[in-house]
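Colleague: Sequence:
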Amino acid sequence: MNIVLLGPEDTQSEIWSIHSKRQLQHLREHLDITVGQNLKVGIRNGARYVTEIVSIDEQEVCIRPIREEAVPAKLPVHLIVALPRPKVLRRLIMDSVTLGVEKISLIHSYRVDKSYWQTPFLQQIDNYVTLGLEQAGDTIVPEIQMYKRFKPFVEDVLPTLISETSPAYVAHPYADESMPNGIDHACSIVVGPEGGFIPYEVDLLTKNGCQAVSLGNRILRTETSISYILGRLFS
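So in UniProt numbering, spot 35 of the sequence shown is number 35, and the numbers just go up one at a time.
What the hints contain is simulated information worked out from the structure, not anything from laboratory work.
Note that CB positions come from ideal geometry on N, CA and C, so glycine has one too.
Warning: the hint list may mix true and false statements.
[As the list claims (entries may be wrong)] Derived DSSO-like pairs (lysine-lysine); straight-line CA-CA distance at most 30 angstroms: (1) K74 - K103; (2) K87 - K74; (3) K103 - K151.
[Claimed, not checked] Pairwise CB distance ranges (calculated): (4) K207 - D184: 45 to 55 angstroms; (5) G36 - R218: 45 to 55 angstroms; (6) H26 - D176: 46 to 56 angstroms; (7) E164 - V50: 40 to 50 angstroms; (8) V141 - N38: 18 to 28 angstroms; (9) E14 - S115: 45 to 55 angstroms; (10) D184 - R111: 28 to 38 angstroms; (11) S115 - D184: 33 to 43 angstroms; (12) G231 - T206: 21 to 31 angstroms; (13) A47 - F234: 21 to 31 angstroms.
Assemble the whole structure, with the sequences as input and the hints as a guide.
Modeller: The following block contains the structure:
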């Protein structure tokens with residue numbers, strides 16, 4: 001945790017309150033906080049501040065803002081990823097938020113088990129977002145959407161995301177063209193399930209404006225490929 005992320009409701013007076021059990025435990029166990037110590041704090045979807053701790057008790061830590069700091073810039077990326085296994089979903093959301101992804105869409109595909117859409121992990125996404133923001137020192141929550149039908153998303157939604165200045169790339173290990181690197185424009189990235197998109201899905205994606213690109217001859221796990229793609233595109 002590199003900032004403590006608070007809700008707007010916690011910052012309505014001159015003295016702010018940290019009362020989340022998770023956050024309090026981290027502050028006590030890992031930072032060994034004391035009165036007078038400075039603490040980096042962000043307001044969800046708002047600004048980021050250096051604050052001073054003014055009091056500590058079992059139920060809350062009270063702080064006052066000292067000065068505002070810059071919030072890290074987002075990557076101009078719309079990440080479109082086939083819904084992974086529930087345990088992978090947690091890491092994927094946290095890592096994508098930490099890396100600064102601006103928007104995330106979770107989609108269905110042939111090799112996505114339908115039971116994945118029933119997992120309670122989907123109800124906990126906001127918690128994973130918070131952890132990713134706190135790790136990165138960010139405050140701005142990315143937009144997250146879910147599409148349980150592949151074809152309607154590709155035919156009706158995807159084309160509205162693509163333009164000359166904002167292309168879409170589908171990661172496909174057998175594509176002839178390599179994934180670009182060092183770009184300076186917005187884009188959408190489409191990543192399949194761990195078993196990959198089936199040929200029909202790749203064809204439908206390319207017919208609707210995606211460029212099929214390869215990451216090389218190694219087959220990567222979903223969460224590994226996303227970190228690699230973002231590092232390559234915006235290096």
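Colleague: Against this structure, judge whether each hint is valid.
Modeller: Hint check results:
Pair hint K74 plus K103 holds up; C-alpha atoms about 10 angstroms apart against a cutoff of 30 angstroms. Distance hint between K87 and K74 is fulfilled; the C-alpha atoms sit about 25 angstroms from each other, no more than 30 angstroms. A C-alpha spacing of about 20 angstroms is found between K103 and K151, which places the hinted pair at or below 30 angstroms, so the restraint holds. For K207 and D184, the Cβ-Cβ distance of about 27 angstroms falls outside the hinted range of 45 to 55 angstroms, so the restraint is violated.
The given range of 45 to 55 angstroms is respected by G36 and R218, whose C-beta atoms sit roughly 51 angstroms from each other. Checked against the hint of 46 to 56 angstroms, the pair H26 and D176 passes, with Cβ atoms roughly 48 angstroms apart. Roughly 42 angstroms separates the CB atoms of E164 and V50, a value that falls within the hinted 40 to 50 angstroms. Against the hinted window of 18 to 28 angstroms, the Cβ-Cβ separation of V141 and N38 comes to about 25 angstroms, which satisfies the hint.
As the Cβ distance of E14 to S115 is approximately 49 angstroms, the hint placing it in 45 to 55 angstroms holds. In this structure the supplied range 28 to 38 angstroms holds for D184 paired with R111, their Cβ-Cβ distance being about 34 angstroms. For S115 and D184, the hinted distance range of 33 to 43 angstroms is satisfied, since their beta carbons lie about 41 angstroms from each other. About 24 angstroms separates the C-beta atoms of G231 and T206, a value consistent with the hinted range of 21 to 31 angstroms.
The hinted window of 21 to 31 angstroms between A47 and F234 holds, with their beta carbons roughly 24 angstroms apart.
In the structure shown, a violation is registered for the earlier hint numbered 4 alone.
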